[in-house]
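> The primary structure of each chain is shown beneath.
2 protein chains.
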Amino acid sequence: MAEEVILLDFWPSLFGMRARIALREKGVEFDMREEDLKNKSPLLLKMNPVHKKIPVLIHNGKPICESLIMVQYIDETWGPESPLLPSDPHERARAKFWADYVDKKTYPALVTILLSMGEAKEAAKKEYIECLKVWEGEIGDKAYFGGERFGYTDVSLIPFYSWFDTLETLVNFSIREECPKLVAWAKRCLQRESVAKSLPDQYKLNDFILEFRKKLQPQ
Amino acid sequence: MAEEVILLDFWPSLFGMRARIALREKGVEFDMREEDLKNKSPLLLKMNPVHKKIPVLIHNGKPICESLIMVQYIDETWGPESPLLPSDPHERARAKFWADYVDKKTYPALVTILLSMGEAKEAAKKEYIECLKVWEGEIGDKAYFGGERFGYTDVSLIPFYSWFDTLETLVNFSIREECPKLVAWAKRCLQRESVAKSLPDQYKLNDFILEFRKKLQPQ
Chain W
1 MAEEVILLDF WPSLFGMRAR IALREKGVEF DMREEDLKNK SPLLLKMNPV HKKIPVLIHN
61 GKPICESLIM VQYIDETWGP ESPLLPSDPH ERARAKFWAD YVDKKTYPAL VTILLSMGEA
121 KEAAKKEYIE CLKVWEGEIG DKAYFGGERF GYTDVSLIPF YSWFDTLETL VNFSIREECP
181 KLVAWAKRCL QRESVAKSLP DQYKLNDFIL EFRKKLQPQ
Chain F
1 MAEEVILLDF WPSLFGMRAR IALREKGVEF DMREEDLKNK SPLLLKMNPV HKKIPVLIHN
61 GKPICESLIM VQYIDETWGP ESPLLPSDPH ERARAKFWAD YVDKKTYPAL VTILLSMGEA
121 KEAAKKEYIE CLKVWEGEIG DKAYFGGERF GYTDVSLIPF YSWFDTLETL VNFSIREECP
181 KLVAWAKRCL QRESVAKSLP DQYKLNDFIL EFRKKLQPQ
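Protein chains in written order, with the UniProt record's numbering: chain W, 1 to 219; chain F, 1 to 219.
Keep in mind that the hints were calculated from the coordinates and are not lab data.
Be aware that one or more of the hints could be misleading.
To be verified - Subject to a maximum C-alpha distance of 16 Å in a straight line, what follows is the list of computed EDC-like cross-link-like pairs (lysine to aspartate or glutamate):
hint : chain 1 : residue 1 : chain 2 : residue 2
1    : W       : Lys105    : W       : Glu130
2    : F       : Lys62     : W       : Asp88
3    : F       : Lys104    : W       : Asp100
4    : W       : Lys52     : W       : Glu34
5    : W       : Lys53     : F       : Asp100
6    : F       : Lys104    : W       : Asp103
7    : F       : Lys105    : W       : Asp103
Said to hold, decoys possible - Per the computed footprint, the stretches of chain W lying under chain F, defined by three or more beta-carbons under 8 Å from a beta-carbon of chain F, are:
hint : segment
8    : 56-67
9    : 88-97
Even for Gly, the Cβ is constructed at its ideal location relative to N, Cα and C.
Could you build the full structure based on these sequences and the hints that come with them?
This is the structure we're talking about:
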């Protein structure tokens, strides 16, 4: 029986991008279905009844929710010859730690910047920049976060690079100047077809983020 | 060489309890070192420089941080004959989803109740009760969240049961009456030596939580 792989997604979603990249790294053909988040499909509500959020991966009718869990599932299910997570338990834990750092610190810092104004914005900016500096220190002189191979932490963080560009103008911080190693890493990732095909057009994304911000902020 | 397993911990920590339970499930001897969170040890700061938080598992000198990652590490490293995570990728993803639901929904709901007053407390109470009802529905007539065997989701959630008792008085909600299946599950878990030895004395914990709440809330 042919495999059926469906990804319920929304094009600017940082979390959806992770799933797209992981599937493409593994050479898995999938049907990406764009969701209208104001009018969610019955399939989405059925497949993710708890959170009702994208992305959802549906593999032969069974749902997998939450992007990091999804990337781990993809890694365990397809292409064992090109693993995303290392086989050594300590190295695996390390890769998971950094992916978790994206969700626990980097993503909230980014959201806070989008939402905040005035003094709160200054505090958010400080936290965001500290976060970028942690990444700059962690990548150091490595090609990828796990060493020589593109892997789990890279998949987890690289979608955020597509948002950094717009945020740069909001926080007045040059990521190119301040975090050159992180930028070099991102450019290395972008040379991979899996990444280049999964990240949206930068101009379209800029417009989306600025529009989104306008809607969220008090007038 | 004998293995060295150290757990930097703090006795009422929900996350520390997870690590203790998983280590005991696997029969791993460990040295639990109580941290003074107002005066963190140089070892803690060295081993978890990013978050500076307990618990930290130190295995032969190498740190593993973040409790769910730690439980996965413990599962991969010791006792393959009694796995906590199922071997089927879809079942694994499901177990991880529910553990993630503890961290994303159950823990925040619990913290919000501790911190909130007045109207905010009512909203927090509603969210907390909804969360408990989700767990009640999910356990249903199963012995454990994964089926017949005590596993990863159980390890992730059971520490919270030790806090539910105190919260019951704060939200005026009888978990025994409203979520009998969840309570039966918790009692089943508490019969395991690994759990019984890892959860603190209920009276001591009650006092700690109420004291903690007093300090956090505006006078």
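> If a hint holds in the structure, say so; if it doesn't, say that too.
Structure-based check of each hint:
Of the supplied pair hints, the one linking W/Lys105 and W/Glu130 holds, its CA atoms being roughly 10 Å apart against a limit of 16 Å. A distance of roughly 13 Å separates the Cα atoms of F/Lys62 and W/Asp88; the hinted pair therefore holds under the 16 Å criterion. For the hint pairing F/Lys104 with W/Asp100, the CA-to-CA distance comes to about 12 Å; that is within 16 Å, so the pair holds. For the suggested pair W/Lys52 and W/Glu34, the alpha carbons sit about 14 Å apart, so the restraint of at most 16 Å is met.
Taking the CA atoms of W/Lys53 and F/Asp100, the gap is near 14 Å; set against the 16 Å cutoff, the hint holds. Between the alpha carbons of F/Lys104 and W/Asp103 the distance comes to roughly 11 Å, so the proposed pair stays at or under 16 Å and holds. For the given pair, F/Lys105 sits about 15 Å from W/Asp103 by alpha-carbon distance, which is consistent with the 16 Å threshold. Under a criterion of three residues with beta carbons nearer than 8 Å to beta carbons of chain F, the stated coverage of the segment 56-67 of chain W is upheld, 5 such residues being counted.
Against chain F, the segment 88-97 of chain W contributes 6 residues with a C-beta closer than 8 Å to a partner C-beta. That satisfies the three-residue criterion, and the hint holds.
Of the numbered hints stated above, none is contradicted by the structure.
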